[in-house]
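**Q** What follows is the residue order along each chain.
2 protein chains.
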Amino acid sequence: MIPKALIFDVFGTCVDWRSSVAGLVEKHLPTCDGFAFADAWRGEYQPAMKRIRDGGRGYVALDDLHLENLDRVLRHFDIQVDDRPALNTAWEKLDPWPDVVPGLMAIKDKAIIAPCSNGSIALMTRLARYAKLPWDCILGAEIAQDYKPKPAVYLASCAALRLEPAQVMMVAAHNDDLHAARAAGLMTAFVARPKEHGPDQTTDLTPDANWDIVAQDFLDLAAQI
Amino acid sequence: MIPKALIFDVFGTCVDWRSSVAGLVEKHLPTCDGFAFADAWRGEYQPAMKRIRDGGRGYVALDDLHLENLDRVLRHFDIQVDDRPALNTAWEKLDPWPDVVPGLMAIKDKAIIAPCSNGSIALMTRLARYAKLPWDCILGAEIAQDYKPKPAVYLASCAALRLEPAQVMMVAAHNDDLHAARAAGLMTAFVARPKEHGPDQTTDLTPDANWDIVAQDFLDLAAQI
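As given, the protein sequences belong to chains A and B, one line each in that order.
Taking our numbering as reference, the numbering of the first sequence is continuous, increasing by one, and the terminal residue is 278.
Taking our numbering as reference, the numbering of the second sequence is continuous, increasing by one, and the terminal residue is 278.
The shape of chain A in the complex, shown without the other chains:
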């Protein structure tokens, strides 16, 4: 069945956050190891969202969590920064993998495309402008006021399009994201991004379930739907 819409994980699946953040950090902080800093910053990502997912904190946009996490990482690296909000906009300037823009254009000819990310509407909007991601609309965490992999995020994204989950395909480079999407009733597509975490990545190199589609990249995904 051809999906009426494809919704996409963004960090890692569409954009190379690690190299991009590392490069921007080294511009701001020339003495710093950009990749170590990027890994430490991203390392605070899941713990920060966990408290919200568990109900211990109301919904707070990822922009604010990124800034809180930045403070933690700066303390850890014992670095002072004058303009923390400026550095925090690194997450709005992430380069897409080379297949992403042409792949999304080809997929958009066949179906609605939108991010289903934990990034806010503001963050996803600015990132789309930077990386030229041709989304039809912005869905994801902020629509649901909760964070993936909670089912509400996938379901709210389908509902915002007035589609049933079975009419929508979740696309991700992370098996966990797809397990949660499938449990919510969506179709699933896996696209490996073996360099997301650098040259020594060991996770998500292959699909760990019989996803509806396994594609080499977004152009291959466009050809398969």
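One should not assume that every hint holds.
Treat identical chains as interchangeable: a pair holds within one or across any two.
Cross-link-like lysine to aspartate or glutamate pairs, in silico, DMTMM-like; alpha carbons within 25 Å at most [to be verified]:
| no. | residue 1 | residue 2 |
| --- | --- | --- |
| 1 | 161 | 145 |
| 2 | 185 | 152 |
| 3 | 185 | 117 |
| 4 | 185 | 162 |
| 5 | 161 | 148 |
| 6 | 146 | 116 |
| 7 | 57 | 86 |
| 8 | 161 | 92 |
| 9 | 161 | 217 |
| 10 | 248 | 92 |
| 11 | 80 | 116 |
| 12 | 57 | 135 |
| 13 | 103 | 162 |
| 14 | 163 | 261 |
| 15 | 146 | 217 |
| 16 | 163 | 135 |
| 17 | 57 | 116 |
| 18 | 146 | 121 |
| 19 | 146 | 107 |
| 20 | 163 | 116 |
Simulated from the structure, these hints should not be mistaken for laboratory data.
Chain A is already provided as a structure; the job is to place chain B on it using the hints.
**A** Below, chain B without anything else, positioned relative to chain A:
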């Protein structure tokens, strides 16, 4: 001051709903006066939203209100239709005024652009695909779970972009919309659409206040910001 984002009324300001709906109605119902039907359908628009704005009914997406209103108009015209939902999708297939797509492209080079319409995310997404409106994201009533001209709709649209109202410009062909946006703290731009209601239109032919910008069309608006 240059706005960081421009948010747009859509029905009438960006698209010629009247001619478009009339044409689609006449395709479905060849014996019907398409313009009379379109005017009657649109005539139910404000009353349907009023009960929600007044708190007498929870938020219901405009797609559903359009379908309820269609039933009312079909009874009034004493017409039977087999596939009412198919006819209801007329509101997803509205032609833009000729200046809109090139104007939005030029404005998008300078600032974020998004609809701030009473249409749902689903409706605005499908309309954008049909009319090739190059929005960066979809804002408006559904984000706020309320209907313009309630201030919540303008304020929620600014908040979703993490911008202050004073950094955002509302663009509309309707003075009422701009009065409400200004009261909420936004900048304002008026673009007259003297044929929105047909050749004998008497309303909104000219600005009725000192809006921040008064433009001939969207290309002129792009030049003025």
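**Q** Against each hint, give a clear statement of whether it holds in the structure.
**A** Quick rundown of the hints versus the structure:
{"no.": "1", "hint": "161 x 145", "in the structure": "both (22 Å within a copy, 17 Å between copies)"}
{"no.": "2", "hint": "185 x 152", "in the structure": "both (12 Å within a copy, 23 Å between copies)"}
{"no.": "3", "hint": "185 x 117", "in the structure": "within (24 Å within a copy, 33 Å between copies)"}
{"no.": "4", "hint": "185 x 162", "in the structure": "both (16 Å within a copy, 12 Å between copies)"}
{"no.": "5", "hint": "161 x 148", "in the structure": "both (20 Å within a copy, 20 Å between copies)"}
{"no.": "6", "hint": "146 x 116", "in the structure": "within (13 Å within a copy, 35 Å between copies)"}
{"no.": "7", "hint": "57 x 86", "in the structure": "neither (43 Å within a copy, 33 Å between copies)"}
{"no.": "8", "hint": "161 x 92", "in the structure": "neither (32 Å within a copy, 33 Å between copies)"}
{"no.": "9", "hint": "161 x 217", "in the structure": "within (19 Å within a copy, 32 Å between copies)"}
{"no.": "10", "hint": "248 x 92", "in the structure": "within (13 Å within a copy, 57 Å between copies)"}
{"no.": "11", "hint": "80 x 116", "in the structure": "within (20 Å within a copy, 48 Å between copies)"}
{"no.": "12", "hint": "57 x 135", "in the structure": "between (46 Å within a copy, 24 Å between copies)"}
{"no.": "13", "hint": "103 x 162", "in the structure": "neither (36 Å within a copy, 37 Å between copies)"}
{"no.": "14", "hint": "163 x 261", "in the structure": "neither (27 Å within a copy, 44 Å between copies)"}
{"no.": "15", "hint": "146 x 217", "in the structure": "between (33 Å within a copy, 22 Å between copies)"}
{"no.": "16", "hint": "163 x 135", "in the structure": "neither (46 Å within a copy, 28 Å between copies)"}
{"no.": "17", "hint": "57 x 116", "in the structure": "between (30 Å within a copy, 18 Å between copies)"}
{"no.": "18", "hint": "146 x 121", "in the structure": "within (19 Å within a copy, 44 Å between copies)"}
{"no.": "19", "hint": "146 x 107", "in the structure": "neither (30 Å within a copy, 42 Å between copies)"}
{"no.": "20", "hint": "163 x 116", "in the structure": "between (32 Å within a copy, 23 Å between copies)"}
The structure fails to meet hints 7, 8, 13, 14, 16 and 19 from the earlier list, while all remaining hints are met.
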